[in-house]
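Visitor: Sequence:
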Amino acid sequence: MKKVTIVIALFFSILAVQAQTKISPGPTDDKNPDDQESLAKDYLSQIMGVAMSATSNMKLFHFVYDWIGTPYRFGGSSRRGIDCSAFTKELYSEVFNMDIQRSSRDIFSMVSPVRRDDLKEGDLVFFKIHSRRISHVGIYLGNNRFAHASSRGVAISSLDDAYYRRYFYRGGRMLESFKAELEKQSTDNSSTSTDNN
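Everything in the sequence shown is counted per the numbering used here, starting at 4 for the first residue and increasing by one.
In case anyone wonders, no lab produced these hints; they're calculated from the structure. Glycine residues also receive a C-beta, built at the ideal position from the N, C-alpha and C atoms. Worth double-checking, as some hints may not be accurate.
Cβ pair distances, simulated, as ranges [unchecked claim]: (1) D120 <-> G79: 16 to 24 angstroms; (2) R118 <-> R83: 14 to 22 angstroms; (3) A165 <-> E97: 12 to 20 angstroms; (4) R136 <-> S115: 29 to 37 angstroms; (5) R82 <-> D163: 13 to 21 angstroms; (6) E179 <-> E97: 31 to 39 angstroms; (7) S115 <-> R83: 17 to 25 angstroms; (8) S96 <-> P74: 19 to 27 angstroms; (9) Y166 <-> P74: 27 to 35 angstroms; (10) A165 <-> N100: 34 to 42 angstroms; (11) R82 <-> D120: 28 to 36 angstroms; (12) P74 <-> R118: 30 to 38 angstroms.
Cut-off 20 angstroms, straight-line C-alpha distance, at most; resulting in silico cross-link-like pairs (SDA-like, lysine to any residue) [said to hold, decoys possible]: (13) K123 <-> R136; (14) K62 <-> M101; (15) K62 <-> G72; (16) K131 <-> D164.
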């Protein structure tokens, strides 16, 4: 009988707490957008293991967070399965508004080499895994961490991991000439579509 009474008491106390929670204003109701962005940065920093600064590209980190856990599929390019170069291409399209090549080797031809110590947020990292040719690409996030579509799916890994340290080939930053050309194409396409309407 005592157990039943305790269970009933707990049940009603939980209901009372839920009712108070619904009535009282939420903690975010009176926060300004800067506070909310700061909270978002703190949250993403903890999840990704990357210290975000005031200049961090939140769009980049939100994109990565949204894709984490997407399964790996060679040749795939959707939420049902994606490979490393398709993930990189999708990220550059959505975050940087740039249409880059589809294969990791072709993407490498669009960058200027960057030493590992000089990598910045948004740079690319290339690997030669069990190959003499570039076979893997990811996006650098900071703190030696990068996002990529690995065999375990879209994940965040560390360049300090023995495996990635062993196969790391080079970092790369999108060449200014390619950036200018891609931006020009984007501008030309938008003006053409405007003219057709």
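Visitor: A separate judgement is required for each hint: does it hold in the structure or not?
Guide: Hint-by-hint comparison with the structure:
Evaluation of the 16 to 24 angstroms hint for D120 and G79 yields a failure: the beta carbon distance comes to about 33 angstroms. Checked against the hint of 14 to 22 angstroms, the C-beta distance between R118 and R83 comes to roughly 37 angstroms, which is inconsistent with it. For A165 and E97, the hinted distance range of 12 to 20 angstroms is not satisfied, since their beta carbons lie about 32 angstroms from each other. Roughly 19 angstroms separates the CB atoms of R136 and S115, a value that falls outside the hinted 29 to 37 angstroms.
Range check, R82 to D163: about 29 angstroms between beta-carbon atoms, so the 13 to 21 angstroms window is missed. At roughly 21 angstroms, the beta-carbon separation of E179 and E97 lies outside the given 31 to 39 angstroms, and the hint is violated. Checked against the given bound of 17 to 25 angstroms, the beta carbons of S115 and R83, roughly 34 angstroms apart, lie outside it. Checked against the hint of 19 to 27 angstroms, the pair S96 and P74 passes, with Cβ atoms roughly 20 angstroms apart.
Checking the proposed 27 to 35 angstroms range against Y166 and P74 shows it is violated: the Cβ atoms sit about 20 angstroms from each other. Taking the beta carbon of each, A165 and N100 are about 36 angstroms apart, inside 34 to 42 angstroms as hinted. Distance hint for R82 and D120: a CB-CB separation of about 35 angstroms, consistent with the stated range 28 to 36 angstroms. Judged by the Cβ atoms, the range 30 to 38 angstroms given for P74 and R118 holds: they are separated by roughly 33 angstroms.
Proposed proximity of K123 and R136 is contradicted: the alpha carbons are some 24 angstroms apart, above 20 angstroms. Distance restraint check for K62 and M101: the Cα-Cα separation of roughly 14 angstroms lies within the 20 angstroms cut-off, and the hinted pair is therefore satisfied. With a C-alpha separation of about 18 angstroms, the suggested pairing of K62 with G72 holds against the 20 angstroms cut-off. Under the criterion of a C-alpha separation no larger than 20 angstroms, the hint pairing K131 with D164 is consistent with the structure, at around 15 angstroms.
Checked against the numbered hints above, the structure breaks hints 1, 2, 3, 4, 5, 6, 7, 9, 13 and satisfies the rest.
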